[in-house]
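Student: Each chain is listed here by its residues.
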Amino acid sequence: MSQAKNVKLKIKRQESAEGPARYDHFEVQWLPQMNVISALMEVRKNPVTSDTKEKVAPVNWESNCLEEVCGACTMLINGRVRQACTALIDQVAPGGEEITLEPMSKFPLVRDLVVDRSRMFNDLKTVKAWVQLDGTHELGAGPRQSPENQEEAYPLARCMTCGSCLEACPQVNDSSNFIGPSAISQVRLFNLHPSGKMHAKERLEAIMGEDGVAGCGKAQNCVEVCPKDIPLVDSITQVSRQATKHMLFGWLFS
Amino acid sequence: MAAKTAIRSESGKVRRVIVVGGGLGGLMTAIKLCEAGVPVDLFSLVPVKRSHSVCAQGGINASVNTKGEGDSPRIHLEETAYGGDFLANQPPIKGMTDAAPGIVYMLDRMGVPFNRTPEGLLDFRRFGGTLFHRTAFAGATTGQQLLYALDEQVRRYETVEVEDENGMAIPGEKMVRKFEFWDMLSLVQDGQGVCRGIVAQDLKSMQIEAFPGDAVCLATGGPGIIFGKSTNSVINTGTAASAAYQQGACYANGEFIQVHPTAIPAADKLRLISESARGEGGRVWVPKNPKESRRGREVPESERDYFLERRYPGYGNLVPRDIASRELFVTCFHEGRGVYNTRTAKNESEVYLDLTHIPKPTLKRKLAGILEIYEKFVGEDPYDNPMRVFPAVHYSMGGLWVDFERSADGGLVHGSPRNQATNIPGLYAAGEVEYQYHGANRLGANSLLSCIWGGMAAGPAIASYRNNMGSSAYDAGSNLFDGAKKREQAKYEAILKMDGPENPFQLHAELGQMMLIDVTIERHNDRLDQVLAKIEEIDARSRKVSVLDTSSRMNQSAQFVRHLQNMIVLARVIAQGARNRDESRGAHFKPAFKERDDANWQRSTLAMHREGTNGHGQVNYVRELAYNLNGTQVNVSDAVDVGLVKPRPRKYETAGAASATAADDKAKASPSTTSV
Ligand SMILES: Cc1cc2nc3c(=O)[nH]c(=O)nc-3n(C[C@H](O)[C@H](O)[C@H](O)COP(=O)(O)OP(=O)(O)OC[C@H]3O[C@@H](n4cnc5c(N)ncnc54)[C@H](O)[C@@H]3O)c2cc1C
Ligand code: SF4
Ligand code: FES
Chain A
1 MSQAKNVKLK
11 IKRQESAEGP
21 ARYDHFEVQW
31 LPQMNVISAL
41 MEVRKNPVTS
51 DTKEKVAPVN
61 WESNCLEEVC
71 GACTMLINGR
81 VRQACTALID
91 QVAPGGEEIT
101 LEPMSKFPLV
111 RDLVVDRSRM
121 FNDLKTVKAW
131 VQLDGTHELG
141 AGPRQSPENQ
151 EEAYPLARCM
161 TCGSCLEACP
171 QVNDSSNFIG
181 PSAISQVRLF
191 NLHPSGKMHA
201 KERLEAIMGE
211 DGVAGCGKAQ
221 NCVEVCPKDI
231 PLVDSITQVS
241 RQATKHMLFG
251 WLFS
Chain B
1001 MAAKTAIRSE
1011 SGKVRRVIVV
1021 GGGLGGLMTA
1031 IKLCEAGVPV
1041 DLFSLVPVKR
1051 SHSVCAQGGI
1061 NASVNTKGEG
1071 DSPRIHLEET
1081 AYGGDFLANQ
1091 PPIKGMTDAA
1101 PGIVYMLDRM
1111 GVPFNRTPEG
1121 LLDFRRFGGT
1131 LFHRTAFAGA
1141 TTGQQLLYAL
1151 DEQVRRYETV
1161 EVEDENGMAI
1171 PGEKMVRKFE
1181 FWDMLSLVQD
1191 GQGVCRGIVA
1201 QDLKSMQIEA
1211 FPGDAVCLAT
1221 GGPGIIFGKS
1231 TNSVINTGTA
1241 ASAAYQQGAC
1251 YANGEFIQVH
1261 PTAIPAADKL
1271 RLISESARGE
1281 GGRVWVPKNP
1291 KESRRGREVP
1301 ESERDYFLER
1311 RYPGYGNLVP
1321 RDIASRELFV
1331 TCFHEGRGVY
1341 NTRTAKNESE
1351 VYLDLTHIPK
1361 PTLKRKLAGI
1371 LEIYEKFVGE
1381 DPYDNPMRVF
1391 PAVHYSMGGL
1401 WVDFERSADG
1411 GLVHGSPRNQ
1421 ATNIPGLYAA
1431 GEVEYQYHGA
1441 NRLGANSLLS
1451 CIWGGMAAGP
1461 AIASYRNNMG
1471 SSAYDAGSNL
1481 FDGAKKREQA
1491 KYEAILKMDG
1501 PENPFQLHAE
1511 LGQMMLIDVT
1521 IERHNDRLDQ
1531 VLAKIEEIDA
1541 RSRKVSVLDT
1551 SSRMNQSAQF
1561 VRHLQNMIVL
1571 ARVIAQGARN
1581 RDESRGAHFK
1591 PAFKERDDAN
1601 WQRSTLAMHR
1611 EGTNGHGQVN
1621 YVRELAYNLN
1631 GTQVNVSDAV
1641 DVGLVKPRPR
1651 KYETAGAASA
1661 TAADDKAKAS
1671 PSTTSV
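Quick note, the sequences are listed as chains A and B, same order. Going by the working numbering, the final residue of the first sequence carries number 254, and the count climbs one at a time with no gaps. Going by the working numbering, the final residue of the second sequence carries number 1676, and the count climbs one at a time with no gaps.
Don't take every hint at face value.
[What the hints assert, rightly or not] Output of the computed footprint for chain B on chain A, the stretches with three or more beta carbons under 8 Å from beta carbons of chain B:
| # | stretch |
| --- | --- |
| 1 | 34-41 |
| 2 | 65-76 |
| 3 | 118-125 |
| 4 | 148-160 |
Hint data in this document are derived by calculation from the structure and do not stem from the laboratory. Each residue gets a CB set at the ideal place from its N, CA and C atoms; glycine is no exception.
Could you build all of it, start to finish, from the sequences and the hints given here?
Tutor: Given below as structure tokens:
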């Protein structure tokens, strides 16, 4: 048996965006298969700092599925944006190093590690990320689709609105309204679907211009950080091509 | 004041219905309400798109019969009733299985990227409790894809304007308003006990507000977190169901908790490896030699015990979950034959789940999502060496009691306001939070179906209730809502002042550990008596916790204290129900009462809350219920409606035993047809 080891955490604490920030240090006992969320769960069972031995409020963070499918637990771990639930302690800190946790910086802070990502859900409205259905009543089978089509769509459909790609994108900042990679990739997804296609034009119009596809600076950080390996650069290129085509020839068909 | 219309109250307010929960059940309810022209306020603890339904991996059942096997909704009904050990009312199951093919087609039209056959049709795979290929799937993240599809449709309704009686858009009013990061605290009930809205708390600002609603539908999911660690998401505390129960809603069949046979143990969560792994050919085994020291892949075929295939030649690795979990438990605990760990020199509580005989490209195409989970969390390659798994708490068959209206031929009256209605007038429920479809054991891939179908039934039922209701909740007077809000504010203030010696998170871990050990796979009355005593102790200690955090902004500790209190209430319902039921049926297994006892227990457990003298809850079990539906008294009993499929003993040893119709079809077919 390996002897008891400890997990060391350094966590950025902030009551609100306006309030002062500080870092608290905690130590909890290492457990097999532990990840950053389970370490945080241990902290709140005894929220006392390891250096000053001060009793503090338990850390607030967001999580839900704990298997990297809901996107909730995204944060900066040692400065890198990722999901805390798949951040295994043994991989992040193999030698028992201190692990730094901070909230994402591109979204308004709520408290501690929690930020407000509602803009991403609003962006999905902007790009009309849905198939326009006549209704949910029975209308028989859907359109046939080739396995290839499914294999192109499925990876795009796994976007969990986690925000990692926005956090990593240099074009997403205080002085820009760039919609970011994930919403653009959703345009590609819905423009691919046999009936979604019918409204491709509206989606393309929504993302033309500086706040849309043209805002991409081609830094390609997004693909690096996307936990679902979504081909975001591909998506941006494709949608950008669709948009250009629509701009040049769209009037022919309207 | 104008007269009330279909859209506006007398006071001129837009008459909305409240849906609490944005998983599959809640979203489908909201869509059906919108299609019926009813505006919706949708509440959720988390952004809707992050609801627990995203976790579902394997698929959704529908007898579309594209593989030429002769599958049909009738067979699906029979296998669901049989799989549930005849504890579920059959008319609602029939409604669901009849609707299933249409539901999968609808999801396909919404854009769910279901896996396809070479001809471009939907592909289907096998799941437990059936011999048919009946499960549609989108890789191994089907729940996520289904949730996203419904979420997208609801998002569209967030942009659609409410129209008045003359078809004119009402400025500023959208068909759906979302309240995400809100926690429902309680129902607002008028003097007659009719549900008139809810009180909820904004989890960012911690503000408490009361909201009127002409009806309320709870679609708040299951209570798995009562068991500490499970396959469930962390928000699945059952808090809303518990609150409704404490306000008079009946909770049914609470003791029926599904334990899934194959999950990966860890410190924070027991991550599921979906049944689809076995549906695609995965095999469960342990080495014949209990001290086997070679790696799984190095153990030769002849030295492996495929114990499920051996004991259940008919259904093999795809026996229903209650049976598979019990067999794993027996193999590891009673026989001590779990996989041997050379480092600890112990037989661990683990068996092999083996996919290594299946070509890697096939696995990638059909199961990548779950194999990724195994790789990410265990750090081993499941394509190369068999996975190591153990059972985990997974699903609650029990939940809020809901009604249905039976048609003359034993089916369901579609659109009846009784469907999905709880015994609190104006309160409906859909999804895992209610008890209707799965009896004593749920078949895999039937839950996504029952959640969506529940929403499809609840929407029209609520619209009908709302059309025929007397005064609107929006005319109920502000006193009612102010009073309800003040009560909740006072309760919350009291929580913020709690400064005792106990840590709420620690106390929860204790509760969970106990429930997990004694109220899951095997249940013994003496142990259950101890559990019940311990629940009283934990209840008492929960009143002496420290809130840990007094902040007036996002305060997760204070919120958790409330959830903990509500979990304790439901834990008692679950444990007491298990203690009472002296028989074995589906997921409820008592070694001292091994047989199913239809004479005494072919009935639903109906639990009603009672406040005890010490302030602790007490469970009052009833045999009959009565409630008032827009002026008509409805009386129901705990008898199970088994009019469509006659109860008989469950025997998964024999192929095809789960459906008489399928067996008949097979007998009628030419003698050369040997299997479906
Ligand atoms: C790992 C896993 C895999 C599964 N795989 C399958 C599968 O392959 N096939 C299958 O059929 N089933 C599967 N299931 C079961 C299925 O996923 C669930 O039963 C189903 O998704 C439940 O959906 P729901 O709509 O009832 O609730 P949920 O999806 O749990 O949603 C509940 C909603 O209620 C909200 N809520 C809860 N409490 C409150 C409150 N107090 N105030 C406000 N909002 C609240 C939540 O925020 C959430 O939006 C699986 C389950 C698990 C755990
Ligand atoms: S595209 Fe990837 S990184 Fe961006 S939000 Fe979606 S899942 Fe996250
Ligand atoms: S908790 Fe869902 S992605 Fe981590």
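Student: Quick one: which hint numbers does this structure break? Sort them smallest to largest.
Tutor: Every hint satisfied by this model.
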